[in-house]
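Taken in order, these protein sequences are the chains called S and Y. Residues in the first sequence are numbered consecutively from 1, following the numbering used here. Residues in the second sequence are numbered consecutively from 1001, following the numbering used here.
Because the hints were derived from the structure by calculation, they are not lab data. Any given hint could turn out to be false.
[Stated by the list, open to error] Derived DMTMM-like pairs (lysine to aspartate or glutamate); straight-line CA-CA distance at most 25 Å:
#	chain 1	residue 1	chain 2	residue 2
1	S	K156	S	D130
2	Y	K1346	S	D107
3	S	K133	Y	D1240
4	S	K67	Y	D1240
5	S	K154	Y	E1229
6	S	K154	Y	D1230
7	S	K154	Y	E1350
8	S	K156	Y	E1350
9	S	K23	S	D38
10	Y	K1141	S	E74
11	S	K197	S	D138
12	Y	K1346	S	E159
13	S	K106	Y	E1350
[To be verified] Computed list of chain S residues with no C-beta within reach of chain Y, every gap over 12 Å:
#	residue
14	I18
15	R20
16	F31
17	P32
18	D36
19	D43
20	N53
21	M108
22	E112
23	T195
24	S208
Note that the coordinates shown come from a computational prediction; the quantities given were computed from them, not determined experimentally. Note that the Cβ used here is the ideal one computed from N, Cα and C, for glycine as well.
Listed below are the residues making up each chain.
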Amino acid sequence: MNAVHRPSKAETVSAVPILRTQKLTVRFDEFPAVRDVDLSIADGELRVIIGANGAGKSTLLDLLCGKTLPSEGEIWLRDRNITGIGEAAIARSGVGRKFQTPTVFKDMTVLENLQVASNRRVRVFQNLFDRVKSGPNDKEVAVAERTGLLGSLKRKASELSHGQLQWLELAMVLSQDPKIILLDEPAAGMTAAETDKTAELLLDLAGSHTVLVIEHDMAFVRRICKTITVMHQGAVLAEGTAEEIEGNPAVIEAYLGSATLSHA
Amino acid sequence: MTYRTASIIAYIAFFAVVLALPLVLNSFWTNRVAIYLVYSICAIGISMSWGYAGILSLGQGLFFGMGAYMLAMSLTLAVPENNPVPQLMLLNMEPNAVRDLCCVTTGSFLWIPFRSIAVGMIAGIVVPCILAAGIGYVMFKRRTTGVYVSIITLAFALIGQLLIINNQPLTGGFNGLADLALLEIGGFEFDPYGPSAYYAVALTLIAVILLARYMLTGRIGQVLKAIREDEARARYLGYDVENFKVFIFCVSAGVAGLAGMLFTITSEFATPSLMATSLSISMVIWAATGGRASLLGACVGALIVNFVGSLASESATFQPVWPIILGLLFVFVVLFMPNGIAGIFKAFIERSGRTERLGEARPSGKTERADKSERVQTELTAREA
Ligand SMILES: Nc1ncnc2c1ncn2[C@@H]1O[C@H](COP(=O)(O)OP(=O)(O)O)[C@@H](O)[C@H]1O
Ligand SMILES: [Mg+2]
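Please take these sequences and the hints and turn them into a complete structure.
Structural data, given as structure tokens:
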């Protein structure tokens, strides 16, 4: 295996990290889909993870949100060890996850989806006597406006276009008020115009939110991000600015060498 | 007419009919319909767990039977000849055992609390709830879903039925408990063939519908619906999905237990057949026919299927094939009417609503819509700019 190249990252990690992993590893039948990943995301950072298909990017997010239990290693959110506490508890502690294929409540309206997401009283008996408003509250209007769904609040999610579904899921994650947002290929399957809008949205989020994005498209990545983490065969291959990454021989050899770089 | 208005009218009409029926029915039919209304309560229980939360229990008869037995035990002890020890226990007594509920047969002490009718009535709801909480907790914490939930609940109902059949000295075995006093509360007697028992059932049914509707149209109904749609998504939003499932499973069991008690009042017996697989599955068929995601639909489904079933049972031709018809009905409903009668009602109202709007209010309706879409369009462009 190539040695891990770690170019200077003076630019990124200055504050206390909001999310930190230590030697995070998961094996599926001996096959290490993610191995020894030490990740450190600063508060307010917008970080992109790139890597070839099967590099373990989605699996890394699965580990972070509790979908998959790590074989080894730990995940810390600020000063709390959230390893193995369960998906719901991880979500409540402030991790919001958007999946690669949009997962929303298809048979419910956009507004209902947002209401379920923004309801922070998640215990059974807190909900027992709680009524649901028929219209959106300010917070729901704001998040729908931000994601371009304001005109679709009363529509069933199953009637939305693919791009709108991606935004709806993003809107739901935002409604959770997460400390960190995990986005798996948010622009996948979007038209050029939709991709542009998504890029704007992510830039708009950066600063006020900590965001960890998986993305394929280098042009898109260069637009939205300062620090890039490159994954290769389950491990972190390199970390740095777009220029540093694109000039990194190991990265070029492993990943960028071919199509992606040339058309980017 | 909006669907919401139409369904409120449907509920009110249903309540009115249910309350008025004893005025026109003879005592035989008063009793019959009361029993069908008991089945409606069962169907509501199914609708709550299956229709709203996607939990298909095929063991609802277990909870129904337990409710029936709990009250039947109290009503057995209320018969003077069964004091201090029920006849069924005397028949199975060891030659020199003490003639007291404490020790006349093995386990007979379990009957002691049921000397009080109030205990029997509370236990009829609470015991099924507790059992359901236990079963539900184990199932849902282990993330059992779908058909496995159905199989496990089915198995529990079978176990329950066997336990009752095999413990004859304690439970009356195969014959169950049939030597019962009439329920009497504060000097008021509930006559199974008179309006009193009927109204006890009818008012309970209405109360259950209203409470269930209040609950399920509220926040918890929304969360349950979300869980039914995509359990994993609900988890990543921070909901402890299993707790919600245990809760609704438990409530549904309590409703079944309540129905079981009313069954004892109206039928004057409790037998292990109440826990038979066929009854549990019938309950699912009732709810499916009426519309599992509609409380009123499930109710009406239970009434219609049972009414037709009882007509069939009086005809020599139809009586033997009724179970087959019921099975085919279920297949038909699942394949072609996934939302049952309630679904058809909804489609009908929505279609007639559309025609009405197009026919009568075309000009104003159209401009209004155009205005709105124009406004949205301007808004969108403004935002994009
Ligand atoms: N649940 C699983 N069981 C077995 N193998 C898995 C599982 N999830 C992911 N993998 C494997 O782990 C590797 C990384 O997958 P993934 O994280 O989806 O890659 P990426 O998102 O970077 O394209 C792939 O080889 C995939 O086949
Ligand atoms: Mg992936």
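Evaluated hints:
1. K156/S with D130/S: The given pair, whose Cα atoms are some 23 Å apart, holds under the 25 Å limit.
2. K1346/Y with D107/S: The hint holds at about 16 Å.
3. K133/S with D1240/Y: OK: K133/S and D1240/Y at ~23 Å, within 25 Å.
4. K67/S with D1240/Y: Holds, at roughly 14 Å.
5. K154/S with E1229/Y: Status holds; Cα separation ~18 Å.
6. K154/S with D1230/Y: Holds - the C-alpha atoms of D1230/Y and K154/S are around 20 Å apart, at most 25 Å.
7. K154/S with E1350/Y: 16 Å, holds
8. K156/S with E1350/Y: 16 Å, holds
9. K23/S with D38/S: 5 Å, holds
10. K1141/Y with E74/S: 24 Å, holds
11. K197/S with D138/S: Given pair K197/S, D138/S holds - Cα atoms ~23 Å apart, limit 25 Å.
12. K1346/Y with E159/S: 19 Å, holds
13. K106/S with E1350/Y: Measuring from Cα to Cα gives roughly 20 Å; hence the hint holds.
14. I18: 18 Å, holds
15. R20: Consistent with the label, R20/S stays out of reach of chain Y, its closest Cβ about 21 Å off (over 12 Å).
16. F31: Correct as stated: the minimum Cβ-Cβ distance to chain Y is 23 Å, above 12 Å.
17. P32: 24 Å, holds
18. D36: 26 Å, holds
19. D43: 21 Å, holds
20. N53: With a cut-off of 12 Å, N53/S remains clear of chain Y, as the shortest Cβ separation is near 23 Å.
21. M108: Its Cβ does come within 12 Å of chain Y, the nearest being 6 Å, so this is violated.
22. E112: 6 Å, violated
23. T195: Label holds. Min Cβ-Cβ 15 Å, cutoff 12 Å.
24. S208: Answer for S208/S: holds, closest chain Y Cβ roughly 19 Å.
In summary, the structure is inconsistent with hints 21, 22 from the numbered list given earlier, while agreeing with the others.
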